[in-house]
Amino acid sequence: MQRDWPDIFGGLLLAILGAGAALWAAMYYDMGSLRRMGPGFFPVLLGAALFLLGLVIALPALARSAEPPKIEPATALAVLAAIVIFALSLSRLGLAGATAITVLVASLPAPRKGWVWRIVLALGVTVLTVLVFSVGLRMTLPVWPRLS
Amino acid sequence: MTTWEGLLFGIGFVTQPEVLIYCFLGVVLGTFVGVLPGIGAMAAISLLLPITYYITPEAALIMLAGVYYGAQYGGAVASILLRLPGTPQSAVTTLDGYPMAQNGRAGVALFTAMASSFVGSMIGILVLVLLANWLSRAATAFGAADYAAMMILGLVAASTIGTARPAKGFAMVTLGLLLGCIGTDVNSGAQRFTFGQTELLDGINLVALAMGLFGVAEVIANVRNPDRQSVAARIGLRRLMPSRDDLRRMISPMLRGSALGSFFGALPGTGSTLSSFLSYSMERRIARRPERFGKGAVEGVAGPESANNSAAITAFAPTLTLGIPGDPIMALLLGALVIHGIQPGPMMLEARPEMFWGLVASFGIGNLLLLVLNLPLIGIWVAMLRIPFNYLYPAILVFLCLGVYSVRGLSFDIMAVAGIGLAGYLLAIAKFSPALLLLGFVLGPLIETNLRRAFLISRGDPMIFLERPIAAGFVIATVALLLLPVWKAWRRRAHS
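In order, the protein sequence lines correspond to chains A and B.
Just so you know, UniProt numbering puts 71 at position 71 of the first sequence, and the rest follows in order with no gaps.
Just so you know, UniProt numbering puts 285 at position 285 of the second sequence, and the rest follows in order with no gaps.
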């Protein structure tokens, strides 16, 4: 058992986010009046509400204990990196190249050891992806890497 | 068009071979993702949204709806065989379905789930048909203030009912509303929170948001989940038919569950997950021997399964006739309609009868297809559940990225999925509900527009919300919902 960190951090983060949004909107967007609301009215209201709700979540949690949550930073990092790599490489490496690399990176945190199955999986998913999206759905994307 | 004419027209529309194929595709795919734990109807519909650009809006909606109620069937399969709810709606089914499977009665449990789902859907369709004309006529009496008050009630109901910490629910709804502000303001043309990014002028991409919050977060959470890796199969499927005693026990829970589900499905803001939970607690409360629950009581499968399916059907009533989605999946379907240039609302029954009645008829035919399909398919689902997650999730990630990319052809949206995915993962760890965030996001622009319009009409007088009887009713209900937990806590303190 430990302090209820998820609620403390989560609540504070939401409070900061809400305060930031409300201040930003109040500074840069026209509030208008109740009769004719400007673009700033709703965001300021919501930001303030989020700020209060964040405090309501975080403050009581300070005095409370909870089971520590299960976090897996390595898994999260690999999965998110795979998505970013896919986004960055799609236009350069084409559908096939981007898919293969993405599957390889994504499979890193998988519990099963070894490299052979990862490479086979990357090839298999690449073939499937090209067949479904490029051949089947006729998505307009280069399939192969641009060599120049 | 009278109800009967409409229904006949709808059946004629759906039995066109092309439409029938999309209905079939939808329900099969829905069952498939329902069985696969982690990929719910939400992720599947997000994945399919881009594909629907290539087909007619009617066929698209029928297919997506098929995915939605098909997933309810599939979710029960994974709940019973693996104690892994394929969809949140079927989480309750694990409570008695899995013990039944352990007792070697998996076949009976699956049969019960299928039959209950079918009965629930059929009763849901009946309610929807009877309700639709009335609802759309009532809806024309709605003004801006009434719409705003109703949507706020929906958000409050969704964030308070069935949650331990309402503040967390409210925070997620508010965050969703705030995210909905991003983009160009419709009234003034001002750019809000875009920070000079042209990709954000239309706001955050709904598909990217849904995929990041649900798909990515689920994948991360399940990569090293030992339950997901060791899918053992010790399943007695030989005997499917329930005994006479089972049948006698399941009939009244089915009927009660269907009634409950139909009611809560039709209310905006509640939905099928809540109905299945309510049905389970009701069955246990009125059972003569409540101690059997949790150990394989057939009532505990029959009630919730019929409740979530009937709710899934009647949830289309507010979505189509009022333009107000009852749950996040409905919000996604609403988004799909808007993408096709169709504005759901009171006029839809008259303006697009083929859409409405075609959809209603497709529910009937789709559920019939599901019933006929699912019994022989059980063997295939079991085989699929044996594919280790090791091999499955990298492919899911690639498909998810391509699904998002295909909406606008922007790599920016894939990057957004990564960022939203991280946020979604952290939210899941801290037990904040991403579904409520999505609900707020979808309803945000609608609420803002209607609030602004209402105040414009009343010249800034907030009394407009109390002078109009419809709005006043919603305001009173909202206040009651907000005060209910306070009152309960006060009474508990007074007792002790």
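Think of the hints as simulated: they come from the structure by calculation, not from any bench.
Predicted, not measured: the structure shown is a model, and the values here were computed from it.
Yeah, the Cβ is synthetic: ideal placement off N, Cα and C, and Gly gets one too.
Heads up, a few of these hints could be off.
Covered stretches of chain B, going by a simulated chain A footprint (3 or more residues, C-beta under 8 Å) [to be verified]: (1) 111-124; (2) 185-194; (3) 349-357; (4) 418-426; (5) 450-457.
Exercise for the section: Could you tell me which of the hints above the structure violates, numbers in ascending order? Expected result: Numbers 1, 3, in rising order.
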